[in-house]
Amino acid sequence: MATEYATPEEYGLADLMCCAASREVQDNEVVFAGTGLPMVAIMLAQKTHAPKLKLIFEAGTLDGRPPEIPTSVGDARCEIGASRSSGLYDAFSIAQRGYVDLGFLGGAEVDEYGNVNTTCIGDYLSPELRLTGSGGNPDINSFAKRTVFIMVHEKRRFTPNVSYITSPGWRVKKWPGGEFVHRRELYGAAYRGGPSAVISTAGVFRFDEQSGKIYLDTCHPGKTPAEIKEMCFFDLDISRVNGETLPPSREELRIIHEVLDPEQIFIPHPVNR
Amino acid sequence: MSTSKRITLQQAAEIIKDGASLTFSGFTIWRRPMAIVFELIRQHRKNLHLIEVNGGSHTEFLVGAGCVDIWESCWVGHELYGKYGANLSRKVAEKKIIVEDYSHAEMMFRFAAGANGSPYAVTQTSLGTDLHNPEYDMLGRAGLRDGKRIAKHKYQFTEDPFYGAGSQVLIPAAKVDIAVLCVQQVGEEGTVRVNGQYYSDPEVARAADLTIVMAEEIVPEEYLRRSADRNTIASFEVDHILECPFGAHPTGMFGRYDVDGYFLKDFYGMTRTQEGFDDFAREWIHGQDHVSYMEKLGWSRMQKLKANTALNYSVREKGGK
Numbered sequence: 001m002a003t004e005y006a007t008p009e010e011y012g013l014a015d016l017m018c019c020a021a022s023r024e025v026q027d028n029e030v031v032f033a034g035t036g037l038p039m040v041a042i043m044l045a046q047k048t049h050a051p052k053l054k055l056i057f058e059a060g061t062l063d064g065r066p067p068e069i070p071t072s073v074g075d076a077r078c079e080i081g082a083s084r085s086s087g088l089y090d091a092f093s094i095a096q097r098g099y100v101d102l103g104f105l106g107g108a109e110v111d112e113y114g115n116v117n118t119t120c121i122g123d124y125l126s127p128e129l130r131l132t133g134s135g136g137n138p139d140i141n142s143f144a145k146r147t148v149f150i151m152v153h154e155k156r157r158f159t160p161n162v163s164y165i166t167s168p169g170w171r172v173k174k175w176p177g178g179e180f181v182h183r184r185e186l187y188g189a190a191y192r193g194g195p196s197a198v199i200s201t202a203g204v205f206r207f208d209e210q211s212g213k214i215y216l217d218t219c220h221p222g223k224t225p226a227e228i229k230e231m232c233f234f235d236l237d238i239s240r241v242n243g244e245t246l247p248p249s250r251e252e253l254r255i256i257h258e259v260l261d262p263e264q265i266f267i268p269h270p271v272n273r
Numbered sequence: 001m002s003t004s005k006r007i008t009l010q011q012a013a014e015i016i017k018d019g020a021s022l023t024f025s026g027f028t029i030w031r032r033p034m035a036i037v038f039e040l041i042r043q044h045r046k047n048l049h050l051i052e053v054n055g056g057s058h059t060e061f062l063v064g065a066g067c068v069d070i071w072e073s074c075w076v077g078h079e080l081y082g083k084y085g086a087n088l089s090r091k092v093a094e095k096k097i098i099v100e101d102y103s104h105a106e107m108m109f110r111f112a113a114g115a116n117g118s119p120y121a122v123t124q125t126s127l128g129t130d131l132h133n134p135e136y137d138m139l140g141r142a143g144l145r146d147g148k149r150i151a152k153h154k155y156q157f158t159e160d161p162f163y164g165a166g167s168q169v170l171i172p173a174a175k176v177d178i179a180v181l182c183v184q185q186v187g188e189e190g191t192v193r194v195n196g197q198y199y200s201d202p203e204v205a206r207a208a209d210l211t212i213v214m215a216e217e218i219v220p221e222e223y224l225r226r227s228a229d230r231n232t233i234a235s236f237e238v239d240h241i242l243e244c245p246f247g248a249h250p251t252g253m254f255g256r257y258d259v260d261g262y263f264l265k266d267f268y269g270m271t272r273t274q275e276g277f278d279d280f281a282r283e284w285i286h287g288q289d290h291v292s293y294m295e296k297l298g299w300s301r302m303q304k305l306k307a308n309t310a311l312n313y314s315v316r317e318k319g320g321k
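Those sequence lines, one after another, are chains A and B.
Using our numbering, the letters of the first sequence correspond one by one to residues 1 to 273.
Using our numbering, the letters of the second sequence correspond one by one to residues 1 to 321.
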């Protein structure tokens, strides 16, 4: 049966991003997800094309199968159907050991090498705004084979220099000097990969593993490559654009809004649905 | 013997002196020892050094009330009820607090080292980030790295001497005076049974020099010892116990009650300014005790949050909706 895709008036941006993120997951993968939209995306994958994915929540549940969206990774719902419920030492040990294929993360700023900031805006020693801090962002990003960032697209957030590198991209700082080197050089035997995609409110971006540079892969419906290039403070490579981001299917929308998040805790209902 | 560990809420807060280093049970907005946190604020505790695997609403109350000089952790906020820690942000901007940033796994492994008696842990996380920027060693900049309770260095870097696996990060064990836990059940001799995810509770209890456990209920020790495989922390790791139903509110407790989303949203909204925090504290903390606080919340609020005992979460409300 052919997939029925929704028309633009039937879905919102959050739905589109959630479905794009879900499609990054392959069946049987071990996936690590944080609270919010990443969690909805991963559970959507679990309920569609990747029923055997193994879901890890940072607070300490391994291979969980919650029937509906937990309100945070510490929620009682996280451990429904789980293989094991324990704590953070288990979750991070498993990640450092190399079990994790894919991590879903968020960020306030990203640079063209996929370095992400969730710590502060402005000079760290005298910041304009202190944010939440790193949480598990750098850990999941250091340990997983691939990471996908889900971000609001504003020009100031797509910047040549993030205020603080919270989470490591493809070219990172070598201390004590702070000169930029390829991630592979620094991570040695612990090197497994790095950021594989950024899904913003404007499009889907990927990284060239050799150069480590970001490029535009698909534009969300209604956006052009030139418009998206104009929405970045760095010089975005738009030479490899691969058309439009695939819209949500009607079935994906049904699962998001009727099964996973009917209370609209993370994903608002589209107006015309 | 059986009652020797029992103390009151007031005594629990009195044990924690000005300048103490403190850590807590729970995760972000779950199972935080809020009743003791409120009592610390009532007693005007000062100069605390919080060392936490992660922060949360309890951090924001202590920081907002001016109890904290140093916060060493990785994250603070109220999850979906408040996207960052407004009190911490304000105090950072005003340079009224020292923040020492580590990653989440680093903090967890620092506590694991503290818990097993190692001076440090080794990890491969966060290489190449500003977490490892030597300019951003804030306790070092403040001249506080005495090598006693605060490690001589924030990080050390080395190459794997055993298998040639490349760069390794050495992180100092967490050395903490007091762990304050909030759990479902504790026995009269101190045995702890946590239901649901135990987060980093076993490690923080073991790493701290003194452990205070506030439980929803104190139960007969022999009841817990009938199924020792279900227990989380051994009796002799716990120094003091107290019973305080709903002691984690407004944070949630697996199997007992959910996070009070309305309360946290309201708190987050008001704490954008110090005046807002002070108003909130005047209404909910000062001049109250735990019973009057619960009465002020009221039964209609509490019964909405009460967990279904088969599902372990509330079916009357979800995520504040």
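It should be emphasised that the hints constitute simulated quantities derived from the structure, not laboratory data.
Given the structure is predicted, the values throughout are model-derived calculations rather than measurements.
Using N, Cα and C, we set each Cβ at its ideal position, and we do this for glycine too.
One or more hints might be untrue.
Facing chain B, according to a computed beta carbon distance under 7 Å, are these residues of chain A, among others [said to hold, decoys possible]:
#, residue
1, G60
2, S72
3, G74
4, G81
5, S83
6, Y99
7, D101
8, L131
9, G135
10, G136
11, A190
Here are the simulated distance ranges between beta carbons [said to hold, decoys possible]:
#, chain 1, residue 1, chain 2, residue 2, range
12, B, N231, A, G243, 35 to 43 Å
13, A, V241, B, P245, 56 to 64 Å
14, B, S118, A, V271, 52 to 60 Å
15, B, E221, A, L246, 23 to 31 Å
16, B, G166, A, L129, 34 to 42 Å
17, A, Q210, B, M302, 31 to 39 Å
18, B, G287, A, L129, 31 to 39 Å
19, B, N308, A, R240, 45 to 53 Å
Simulated pairs of lysine-lysine, BS3-like, Cα-Cα distance not exceeding 25 Å [to be verified]:
#, chain 1, residue 1, chain 2, residue 2
20, A, K155, B, K152
21, A, K47, B, K318
22, B, K175, B, K148
23, B, K318, B, K304
24, A, K174, B, K175
25, A, K145, A, K54
26, A, K174, A, K145
27, A, K145, A, K173
28, A, K145, A, K223
29, B, K318, B, K296
30, A, K173, B, K152
31, A, K223, A, K173
Hint-by-hint comparison with the structure:
{"no.": "1", "hint": "G60", "in the structure": "holds (4 Å)"}
{"no.": "2", "hint": "S72", "in the structure": "holds (4 Å)"}
{"no.": "3", "hint": "G74", "in the structure": "holds (4 Å)"}
{"no.": "4", "hint": "G81", "in the structure": "violated (12 Å)"}
{"no.": "5", "hint": "S83", "in the structure": "violated (13 Å)"}
{"no.": "6", "hint": "Y99", "in the structure": "violated (14 Å)"}
{"no.": "7", "hint": "D101", "in the structure": "violated (17 Å)"}
{"no.": "8", "hint": "L131", "in the structure": "holds (5 Å)"}
{"no.": "9", "hint": "G135", "in the structure": "holds (4 Å)"}
{"no.": "10", "hint": "G136", "in the structure": "holds (4 Å)"}
{"no.": "11", "hint": "A190", "in the structure": "holds (4 Å)"}
{"no.": "12", "hint": "B:N231 / A:G243: 35 to 43 Å", "in the structure": "violated (57 Å)"}
{"no.": "13", "hint": "A:V241 / B:P245: 56 to 64 Å", "in the structure": "holds (59 Å)"}
{"no.": "14", "hint": "B:S118 / A:V271: 52 to 60 Å", "in the structure": "holds (56 Å)"}
{"no.": "15", "hint": "B:E221 / A:L246: 23 to 31 Å", "in the structure": "violated (59 Å)"}
{"no.": "16", "hint": "B:G166 / A:L129: 34 to 42 Å", "in the structure": "holds (35 Å)"}
{"no.": "17", "hint": "A:Q210 / B:M302: 31 to 39 Å", "in the structure": "violated (58 Å)"}
{"no.": "18", "hint": "B:G287 / A:L129: 31 to 39 Å", "in the structure": "holds (33 Å)"}
{"no.": "19", "hint": "B:N308 / A:R240: 45 to 53 Å", "in the structure": "holds (51 Å)"}
{"no.": "20", "hint": "A:K155 / B:K152", "in the structure": "violated (41 Å)"}
{"no.": "21", "hint": "A:K47 / B:K318", "in the structure": "holds (21 Å)"}
{"no.": "22", "hint": "B:K175 / B:K148", "in the structure": "holds (9 Å)"}
{"no.": "23", "hint": "B:K318 / B:K304", "in the structure": "holds (9 Å)"}
{"no.": "24", "hint": "A:K174 / B:K175", "in the structure": "violated (29 Å)"}
{"no.": "25", "hint": "A:K145 / A:K54", "in the structure": "holds (15 Å)"}
{"no.": "26", "hint": "A:K174 / A:K145", "in the structure": "holds (21 Å)"}
{"no.": "27", "hint": "A:K145 / A:K173", "in the structure": "holds (20 Å)"}
{"no.": "28", "hint": "A:K145 / A:K223", "in the structure": "violated (30 Å)"}
{"no.": "29", "hint": "B:K318 / B:K296", "in the structure": "holds (22 Å)"}
{"no.": "30", "hint": "A:K173 / B:K152", "in the structure": "holds (23 Å)"}
{"no.": "31", "hint": "A:K223 / A:K173", "in the structure": "violated (34 Å)"}
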